[in-house]
Amino acid sequence: MLDDSDSYVTEDGRTIGGVVMEMQNITLRFGGVVAISDISFDIREGEIRAIIGPNGAGKSSMLNVISGFYVPQEGRVMYRGQPRPQMRPYEVARQGIARTFQNIALFEGMSVLDNVMTGRLNHMKASVFQQALWRGKAEAEETENREAVEKIIDFLEIQHIRKTPVSRLPYGLKKRVELARALAAEPSLLLLDEPMAGMNVEEKEDMSRFILDVNDEFGTTIALIEHDMGVVMDLSDRVVVMDYGRKIGDGTPDEVRNNQDVIDAYLGVSHD
Amino acid sequence: MAHSQPGAGGLHSLPALLQRNARDHASAPAYREKEFGIWQCWTWAEGEKEIEALALGLINLGVNEGDFIAIAGRNRPYLYWSMVAAQSVGAIPVPVYQDAVAEEMAYVLGHCGARFIIAGDQEQADKVIEIQDQLHQFEHLIYLDARGMRKYDHTQLHEFAHIQDQGRAAHDELIGELERRRAKLTYDSTCVMLYTSGTTGKPKGVVLSNRNVVETAKNSAAFDKLSRDENILSYLPMAWVGDFIFSIGQAYWCGFCTNCPESADTMMTDLREIGPSYFFAPPRVFEGQLTNVMIRMEDAGKLKRRMFHHFMAHAKKVGGRILDGEPVGLMDRLKYALGDLLVYGPLKDTLGYGKIRVGYTAGEAIGPEIFDFYRSLGINLKQLYGQTEATVFITLQPDGQVRADTVGVPAPEVEVKIADNGEIFYRSPGTFIEYYKNADSTAGTKDAEGWVATGDAGFFEKDSGHLRIIDRAKDVGKMASGAMFAPKFVENKLKFFPDILEVVVFGNGMDRCTAFINIDLNAVGNWAERNNIAYASYQELAGHPKVLASIQSHVEEVNRSVAADDMLSGCQIHRFVVLHKELDADDGEMTRTRKVRRVVIEDKYADIIAALYDGSAEISTTTEVTYEDGRKGSISATLDIRDAAVVQAASHKVAAE
Numbered sequence: 001m002l003d004d005s006d007s008y009v010t011e012d013g014r015t016i017g018g019v020v021m022e023m024q025n026i027t028l029r030f031g032g033v034v035a036i037s038d039i040s041f042d043i044r045e046g047e048i049r050a051i052i053g054p055n056g057a058g059k060s061s062m063l064n065v066i067s068g069f070y071v072p073q074e075g076r077v078m079y080r081g082q083p084r085p086q087m088r089p090y091e092v093a094r095q096g097i098a099r100t101f102q103n104i105a106l107f108e109g110m111s112v113l114d115n116v117m118t119g120r121l122n123h124m125k126a127s128v129f130q131q132a133l134w135r136g137k138a139e140a141e142e143t144e145n146r147e148a149v150e151k152i153i154d155f156l157e158i159q160h161i162r163k164t165p166v167s168r169l170p171y172g173l174k175k176r177v178e179l180a181r182a183l184a185a186e187p188s189l190l191l192l193d194e195p196m197a198g199m200n201v202e203e204k205e206d207m208s209r210f211i212l213d214v215n216d217e218f219g220t221t222i223a224l225i226e227h228d229m230g231v232v233m234d235l236s237d238r239v240v241v242m243d244y245g246r247k248i249g250d251g252t253p254d255e256v257r258n259n260q261d262v263i264d265a266y267l268g269v270s271h272d
Numbered sequence: 001m002a003h004s005q006p007g008a009g010g011l012h013s014l015p016a017l018l019q020r021n022a023r024d025h026a027s028a029p030a031y032r033e034k035e036f037g038i039w040q041c042w043t044w045a046e047g048e049k050e051i052e053a054l055a056l057g058l059i060n061l062g063v064n065e066g067d068f069i070a071i072a073g074r075n076r077p078y079l080y081w082s083m084v085a086a087q088s089v090g091a092i093p094v095p096v097y098q099d100a101v102a103e104e105m106a107y108v109l110g111h112c113g114a115r116f117i118i119a120g121d122q123e124q125a126d127k128v129i130e131i132q133d134q135l136h137q138f139e140h141l142i143y144l145d146a147r148g149m150r151k152y153d154h155t156q157l158h159e160f161a162h163i164q165d166q167g168r169a170a171h172d173e174l175i176g177e178l179e180r181r182r183a184k185l186t187y188d189s190t191c192v193m194l195y196t197s198g199t200t201g202k203p204k205g206v207v208l209s210n211r212n213v214v215e216t217a218k219n220s221a222a223f224d225k226l227s228r229d230e231n232i233l234s235y236l237p238m239a240w241v242g243d244f245i246f247s248i249g250q251a252y253w254c255g256f257c258t259n260c261p262e263s264a265d266t267m268m269t270d271l272r273e274i275g276p277s278y279f280f281a282p283p284r285v286f287e288g289q290l291t292n293v294m295i296r297m298e299d300a301g302k303l304k305r306r307m308f309h310h311f312m313a314h315a316k317k318v319g320g321r322i323l324d325g326e327p328v329g330l331m332d333r334l335k336y337a338l339g340d341l342l343v344y345g346p347l348k349d350t351l352g353y354g355k356i357r358v359g360y361t362a363g364e365a366i367g368p369e370i371f372d373f374y375r376s377l378g379i380n381l382k383q384l385y386g387q388t389e390a391t392v393f394i395t396l397q398p399d400g401q402v403r404a405d406t407v408g409v410p411a412p413e414v415e416v417k418i419a420d421n422g423e424i425f426y427r428s429p430g431t432f433i434e435y436y437k438n439a440d441s442t443a444g445t446k447d448a449e450g451w452v453a454t455g456d457a458g459f460f461e462k463d464s465g466h467l468r469i470i471d472r473a474k475d476v477g478k479m480a481s482g483a484m485f486a487p488k489f490v491e492n493k494l495k496f497f498p499d500i501l502e503v504v505v506f507g508n509g510m511d512r513c514t515a516f517i518n519i520d521l522n523a524v525g526n527w528a529e530r531n532n533i534a535y536a537s538y539q540e541l542a543g544h545p546k547v548l549a550s551i552q553s554h555v556e557e558v559n560r561s562v563a564a565d566d567m568l569s570g571c572q573i574h575r576f577v578v579l580h581k582e583l584d585a586d587d588g589e590m591t592r593t594r595k596v597r598r599v600v601i602e603d604k605y606a607d608i609i610a611a612l613y614d615g616s617a618e619i620s621t622t623t624e625v626t627y628e629d630g631r632k633g634s635i636s637a638t639l640d641i642r643d644a645a646v647v648q649a650a651s652h653k654v655a656a657e
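So the protein sequences, as listed, match chains A and B. Per the numbering used here: the first sequence = residues 1 to 272. Per the numbering used here: the second sequence = residues 1 to 657.
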């Protein structure tokens with residue numbers, strides 16, 4: 001067994017570091033509904049960690065706990081060795097956590113470029129007045145941030161839609177723009193909520209490629225929720241499987257694939 | 001031209017021209033590329049330094065004189081530098097089509113025995129890695145974009161910038177060797193090897209010497225008075241001879257600037273930003289743009305639409321004549337000037353043709369309507385006829401003598417003759433040296449006196465002296481009745497309709513002609529949207545009864561026009577089918593330059609062709625398709641076969657008015 005601070009090298013040559021975030025006995029209730037019950041797992045530096053499970057298993061709730069949007073009634077979230085207090089979303093963002101949403105949450109009327117620029121908000125120090133009047137550090141900052149954004153646009157190959165309003169884009173591209181915006185924040189932990197939902201095979205392949213490249217190129221730790229088992233198994237280093245709010249499996253894709261509880265949850269089992 | 005004569009000034013290779021440009025036009029822009037949203041620029045002096053660093057790096061890596069260096073990727077300054085760097089060290093650059101699948105690449109790389117490969121990105125590198133077991137001579141791959149390749153085994157892989165760094169570091173040690181190799185280049189050394197696209201059979205490696213390239217660049221630049229102030233957009237495949245001549249040959253001879261787009265998808269935006277003065281595009285690009293303009297005009301407001309149609313009608317009347325310098329009345333000129341202010345000017349700007357001085361189209365026949373549309377706007381669009389073996393130019397159209405149906409007069413220093421069977425032969429300073437490792441084909445194409453057979457049939461028009469191409473000599477045949485069969489003649493007429501992308505006509509040796517038709521998804525899709533026609537796939541749209549009806553009306557219109565031609569009235573299309581998939585180079589149905597491979601299509605779709613001739617009303621078929629990554633799949637469909645009305649050959653004489 002690995003220690004929290006141990007690091008190891010994967011078969012494909014990436015270095016996975018120590019634990020960044022740890023969920024300790026998390027229980028989340030909405031009134032009488034138990035969305036998550038007593039779940040523990042960790043996320044290591046530099047890995048791609050997937051949370052899978054059938055519909056209603058509590059995956060999105062779990063992601064919202066990781067992102068700090070939901071506060072669990074029981075258990076605690078450790079981030080970089082510290083218990084994490086209740087935080088406002090902008091404080092979470094400042095900690096280096098960025099996310100995408102299951103139902104795309106972009107500014108529809110704005111161009112792709114402007115949308116991605118909003119991801120840089122945390123990197124802008126100039127005041128509203130300086131920005132409005134184009135005075136002080138505003139100009140230099142804008143240039144610097146634009147450069148960072150252009151690198152991401154280049155990375156995700158969306159140059160051709162740079163100036164296109166988001167509302168005119170097809171679904172697959174919107175998803176990519178959302179990823180671009182999340183990346184613009186230069187997160188150390190990236191949370192992806194069903195990045196491939198509603199995509200066709202080709203779009204899924206593109207997205208998988210980008211997720212791997214992001215992890216590879218920037219060393220970003222990625223936690224993702226996904227429906228598509230095939231995709232998850234190919235992408236992830238480790239997988240947590242949830243069913244009815246409980247954790248039923250945790251391990252490498254191979255371990256999870258051979259776990260009887262997981263097979264039952266996915267294929268169904270007769271309850272007699 | 002102010003430049004000294006080649007030979008006398010030692011300008012008999014591209015590296016020599018590079019040195020001259022770096023000396024004489026040091027601070028003039030040589031290369032631009034849009035990256036990170038900004039046009040990055042390199043002057044000739046900077047470009048020369050980059051190329052030198054790469055050349056030194058190549059020597060350092062062990063490149064010998066006479067080695068082949070394959071280059072694969074989209075148009076980027078770095079890859080153009082690679083070609084010239086390869087030449088500088090005495091190696092031979094072999095650009096390969098970037099969209100070639102691994103198998104095709106394996107043939108080319110194996111045939112030339114490339115020891116080194118310079119690849120644009122992971123996509124190209126992956127193909128090489130996939131086939132490297134078949135490549136016995138392959139040693140090192142140099143890549144530009146490192147993305148996705150961090151985890152690869154780097155014993156044979158090198159980053160472009162590192163090779164340059166190593167070259168710079170070893171400058172003092174290796175510069176002597178580089179200078180020695182550069183000095184050895186003569187007019188007769190090999191400049192580049194380009195593989196033909198291979199309409200029939202395997203691609204052949206065409207060896208072009210420095211003389212071929214430099215002389216051709218010199219002559220063609222003089223013909224169109226190209227100067228060092230030109231700007232071109234380099235977006236056509238680097239493996240195609242045209243791009244080599246425009247973006248390297250002429251660019252180096254004249255010293256003008258080569259601009260590379262940000263990505264293939266941004267080409268139209270980049271075209272507008274650069275506003276090239278000298279532009280080259282296959283008819284497909286012009287057709288696509290015209291279709292786009294027409295679609296957008298249909299969506300435009302009433303006033304704009306009326307203005308557009310009113311002034312375009314006027315342009316059609318006088319625009320071409322004004323461009324050709326013919327006499328036009330004052331009122332017409334004034335109206336044209338007003339139109340220029342309101343419609344033509346803004347339209348040209350939108351298209352990116354605001355500054356164009358010389359534009360060429362070649363590769364395929366362009367529709368007269370499309371050609372006239374651009375010329376009527378005041379764009380000096382001309383046609384040329386050429387091939388790889390001629391280092392592009394065989395004939396071109398001089399300013400003021402431009403017509404849609406001819407390809408112009410022989411280019412400077414090119415001799416052209418027509419054989420008895422109509423085949424066109426030429427001899428020129430650009431005539432290729434040989435097909436690499438293929439003496440039989442060389443001998444079969446080029447005779448002892450240097451005359452090269454083009455494989456195309458054509459004739460010189462008596463009064464104008466312009467060459468007219470009929471068809472590929474191989475494709476021209478006879479119908480069962482003995483009438484002449486020239487498929488391209490009919491295909492081109494059909495392709496001029498915006499909703500038809502591709503056509504293949506059959507009928508050689510048969511009693512009547514039939515056709516395969518591909519719809520243009522852009523145009524038909526837009527039409528479907530406007531008419532509330534829902535469709536889920538290309539296949540469904542292509543089989544829609546309303547689409548079939550509109551295609552049928554086009555076929556019948558073309559039949560009427562074909563019937564008016566005494567010689568070719570037998571080529572009217574009796575039956576046709578709209579195919580369920582686009583003809584594609586990945587499936588081997590077209591060449592990478594998008595020319596139809598008839599033999600492959602006849603073989604692959606034999607069942608559909610049989611149905612076209614046996615009178616059945618529909619055919620069920622399954623077709624194998626190849627995806628971009630080389631995997632195979634299949635699609636099945638039941639296709640309607642339509643009968644088209646034909647006109648009795650003699651009736652056109654009475655039918656007129």
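Hints are supplied without guarantee of correctness; some may be wrong.
Said to hold, decoys possible - In silico contact screen, one side only, chain A against chain B (beta carbon under 8 Å); selected entries:
hint, residue
1, Asp38
2, Asp42
3, Glu45
4, Arg84
5, Arg162
6, Asp216
Said to hold, decoys possible - Here are the simulated SDA-like cross-link-like pairs (lysine to any residue), alpha carbons at most 20 Å apart as the crow flies:
hint, chain 1, residue 1, chain 2, residue 2
7, B, Lys302, B, Gln122
8, A, Lys151, B, Asn526
9, A, Lys151, B, Lys302
Said to hold, decoys possible - Quick partial rundown of chain A residues pointing at chain B, CB under 10 Å, derived from the structure:
hint, residue
10, Lys125
11, Glu141
12, Glu144
Just so you know, these hints were derived from the structure itself, not from any lab. Think of the CB as a built atom: it goes at the ideal place given N, C-alpha and C, for glycine as much as any other residue.
Now the hints, each set against the structure:
With a least beta-carbon distance of about 37 Å to chain B, the hint placing A/Asp38 at the interface is violated under the 8 Å criterion. Interface hint status for A/Asp42: violated, as the beta-carbon distance to the closest one in chain B is roughly 24 Å, over 8 Å. Contact between A/Glu45 and chain B, as hinted, is not supported at the beta carbon level, the nearest pair being about 17 Å apart and thus beyond 8 Å. The criterion of a C-beta within 8 Å of any C-beta in chain B is not met by A/Arg84, whose closest approach is roughly 32 Å, and the hint is violated.
For A/Arg162, the shortest C-beta to C-beta distance to chain B is roughly 7 Å, which falls under 8 Å, so the interface hint holds. Using the Cβ-Cβ criterion of 8 Å, the hint placing A/Asp216 at the interface with chain B is satisfied: the shortest such distance is roughly 6 Å. This hinted pair does not check out: B/Lys302 and B/Gln122 have alpha carbons roughly 49 Å apart, beyond 20 Å. With a C-alpha separation of about 34 Å, the suggested pair A/Lys151 and B/Asn526 falls outside the 20 Å cut-off, and the hint is violated.
In summary, the hint linking A/Lys151 to B/Lys302 is not supported, as the alpha carbons are separated by about 42 Å, beyond the 20 Å threshold. Checking A/Lys125 against chain B by beta carbon gives a least distance of about 22 Å; that is not within 10 Å, so the hint is violated. Below 10 Å, beta-carbon pairs count as interface contacts, and A/Glu141 has none with chain B, the closest being about 17 Å; its hint is therefore violated. Because the beta carbon of A/Glu144 sits about 12 Å from the nearest beta carbon in chain B, more than 10 Å, this interface hint is broken.
The structure does not agree with the numbered hints 1, 2, 3, 4, 7, 8, 9, 10, 11 and 12 stated previously, though it agrees with the rest.
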